[in-house]
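Chains as they are written, first to last, in our numbering: chain A, 1 to 341; chain B, 342 to 683.
Treat the hints loosely; a few may be bogus.
[To be verified] Here are the simulated SDA-like cross-link-like pairs (lysine to any residue), alpha carbons at most 20 Å apart as the crow flies:
| hint | chain 1 | residue 1 | chain 2 | residue 2 |
| --- | --- | --- | --- | --- |
| 1 | B | K614 | A | S175 |
| 2 | B | K616 | A | E221 |
| 3 | B | K439 | A | R288 |
| 4 | B | K616 | A | S202 |
| 5 | B | K439 | A | G103 |
| 6 | B | K592 | A | N214 |
| 7 | B | K616 | A | R288 |
| 8 | B | K614 | A | L219 |
| 9 | B | K592 | B | F642 |
| 10 | B | K616 | A | S175 |
| 11 | B | K614 | A | R286 |
| 12 | B | K616 | A | E60 |
| 13 | B | K616 | A | N214 |
| 14 | B | K616 | A | R286 |
| 15 | B | K592 | A | R288 |
| 16 | B | K614 | A | E260 |
| 17 | B | K369 | A | S175 |
In case anyone wonders, no lab produced these hints; they're calculated from the structure.
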Amino acid sequence: MTQTDVEVTGHGTEQYTGEYLLEVNNLKMYFPVNSRGIIPRHVADVKAVDDISFFVRKGETLGVVGESGCGKTTVGRSIMQVYKITEGEIMFEGVDLAKLSPGRMRRMRRRLQMIFQDPYSSLNPRMTAGSIIGEPIRIHNMSSSRGDYVDQVEELLRVVGLNPYMRDRYPHEFSGGQRQRISVARALAVRPSLIICDEPVSALDVSIQAQVINLLEELQEQFDLTYIFIAHDLSVVRHISDRVAVMYLGKIVEIATREELYENPLHPYTRALLSAVPIPDPIVERQRERIVLTGDVPSPIRPPSGCRFHTRCPIAIDVCTEEDPEFREMGGDHWVACHRV
Amino acid sequence: MATETSQPKVLEIKDLVTRFYTTDGIVKAVDGVSYDVHEGEIVGVVGESGSGKSVTALSVMRLIPPPGGRIEAGEALLDGEDMLKMSEERVLEVRGAKIAMIFQEPMTSLNPVLTIGRQLTEALETHLDMSREQASNRAGDLLDMVGIPDGRNRLNDYPHQFSGGMRQRVMIAMGLSCEPRLLIADEPTTALDVTIQAQILELMQRLNEELNTAVIIITHNLGVVARYAHWINVMYAGKIVESGPAETIFKNPRHPYTIGLLSSVPRLDEPRKAKLDPIEGMPPDLMNLPGGCSFRPRCPFAIDRCAEEYPPFELVDGTTDQHKACWVDVTQVSAAKAGSDN
Ligand SMILES: Nc1ncnc2c1ncn2[C@@H]1O[C@H](COP(=O)(O)OP(=O)(O)OP(=O)(O)O)[C@@H](O)[C@H]1O
Ligand SMILES: Nc1ncnc2c1ncn2[C@@H]1O[C@H](COP(=O)(O)OP(=O)(O)OP(=O)(O)O)[C@@H](O)[C@H]1O
Ligand code: SF4
Ligand SMILES: [Mg+2]
Ligand SMILES: [Mg+2]
């Protein structure tokens, strides 16, 4: 079946025509840390995301990379309104999601979907593949009849490369890659415009990752989807993204187009990350210079003063310990926050 | 590479067979695996998830959980002494002293209620007969050696006070505390970030060079083995399907699975491809393996014979040290793929 068949069954799409499908402005998400004891007191905050701004153009893929705990998932969940954000604006199709009433947000939720890292725990083990995929269709009343519902579910299974007869199977009867396909089908069921993919292939076998990435790319083209693709594998992110954002300790330190970021990285952290990626070729590897950062990532409860990267930065100067560098545009869609650039 | 393989063998695994008897059926986790590790050598083991990489290592360590798991055949000679035939007492003596293993998740393998110092000194006191004081001095040295800043003053800390990267360093320190002949690292950096991963791997390489410890690195990251391993064993469905010096395997892979694996990953040093080339199909089900070659259902080179007989693990024509288990000579097949029987 073709795109139109699915389109007819979905409900009308919002007629949003702006350039930026999503625009995040000055987003902060702090998690309170409470003291233990009978009366817990608020003693500090985990500054998981601390004042970040970025946009996503319609139809593009924005990759988000950075080390564990830097706030990637929190950004995704903040956009999805899983949390009540501490501060900031989340303009989606021209509407600030952070200001929507719960009722309107529920209706809006259909337009944004999230796919999670772990294909094992993200699916309800007691539901069949068919009812997992069909659940959002039922919740959002998106089918006209029982027959139409069954058709939609079967079509979705086919779209993600599974066989329609598999709809009566339970998650444990599928492999990891197949389970991730079910998650993708479920996200597609409500015809979203934005899908946030949080490490969608990290838990999969190397030989299966390429299948799922190809699938995501095909679906993007077919259904005009916009992606935020969160991952720690920089090679995969380069393959799939149009633009890439690099996060460090709750901040975005650099955003650029794919070519710019990989050919001409400006931030010392981006450079270190890229140089740390081992390349599957012993001859190439032997000749590569590697920037090995010393020390660990500091705690987001008490982030370092000034530039948060200064404790590990190989080129830090005095001003880096004092002033937070401004996030500035260097021309050509290339943004960076570093005093030395 | 020749320098390592001409060294004496530290470990010789011969025809190892390990199975799990479960209510759903028999899992042929390791099905006739043989490989050697020489003094000072770093051996990389890569392959599909569930192909038996960890179970091979656990069998050598005698850590296969009873009653379901059974080592059914084979030998694992550690300096000539068969680990698989040792008494439990002897295994306890050897483990930690001559052979050590570090696991993927450092949090689950460190004891959360013991201090870092105590976990390090315990092995030193039992295996090396050190006094408390000697052991604790040595523990401080070990933490310094693995690059934990101010290690001596952190001996009284508990594991939860350390970050993931630091805990993995502690595991390496524990693994190396008695200067074993062989260190097995099972996905030692998978749970860690790339910048921390680089630190840990550089550390392991340095220790391999300084102490001449032989290392087995089990990983799904082809980049990691490319950088650090001298020798590579590729596993699929309980068997080694290809092996050889790292450079040869990356430059001239001859088994269709290895070829597929190498071409399916995007590479930072190459122009971006419009589309990735995945290995089609699904990972094998070890309880219901197809007859003949286990890779056949996914193999673009398969010929009729592949369905009938499992291919022997043989020397690749024109080489002296590369082996593969495949009926087809991929160099004789054009991109149009084989189709007819030979
Ligand atoms: N619900 C929560 N309550 C308190 N702290 C949280 C919560 N969720 C996340 N954090 C903290 O916020 C920080 C950012 O976490 P987040 O999960 O966004 O990181 P990440 O970049 O997705 O990391 P990973 O790569 O490990 O998935 C971390 O320090 C984390 O411990
Ligand atoms: N305790 C167990 N009981 C039953 N089956 C087991 C047990 N441990 C391992 N297996 C099975 O043995 C096979 C080999 O597992 P092993 O852990 O060696 O795979 P691996 O190659 O290390 O994979 P990965 O890359 O995912 O770590 C798998 O199919 C696994 O499901
Ligand atoms: S033996 Fe046949 S099926 Fe197996 S890998 Fe070789 S060509 Fe493919
Ligand atoms: Mg995350
Ligand atoms: Mg394993």
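Going through the hints against the structure:
1. B/K614 to A/S175: violated (27 Å)
2. B/K616 to A/E221: Between B/K616 and A/E221 the Cα gap is close to 13 Å, so the pair holds against 20 Å.
3. B/K439 to A/R288: violated (34 Å)
4. B/K616 to A/S202: Holds, at about 19 Å.
5. B/K439 to A/G103: Answer violated: B/K439 to A/G103 is near 64 Å, above 20 Å.
6. B/K592 to A/N214: Outside the cut-off at roughly 25 Å; violated.
7. B/K616 to A/R288: Roughly 26 Å separates the two Cα atoms, so the pair is violated.
8. B/K614 to A/L219: holds (18 Å)
9. B/K592 to B/F642: holds (19 Å)
10. B/K616 to A/S175: violated (23 Å)
11. B/K614 to A/R286: violated (24 Å)
12. B/K616 to A/E60: Status holds; Cα separation ~16 Å.
13. B/K616 to A/N214: holds (7 Å)
14. B/K616 to A/R286: violated (28 Å)
15. B/K592 to A/R288: holds (17 Å)
16. B/K614 to A/E260: Given pair B/K614, A/E260 holds - Cα atoms ~17 Å apart, limit 20 Å.
17. B/K369 to A/S175: With Cα atoms ~18 Å apart, B/K369 and A/S175 stay inside 20 Å; holds.
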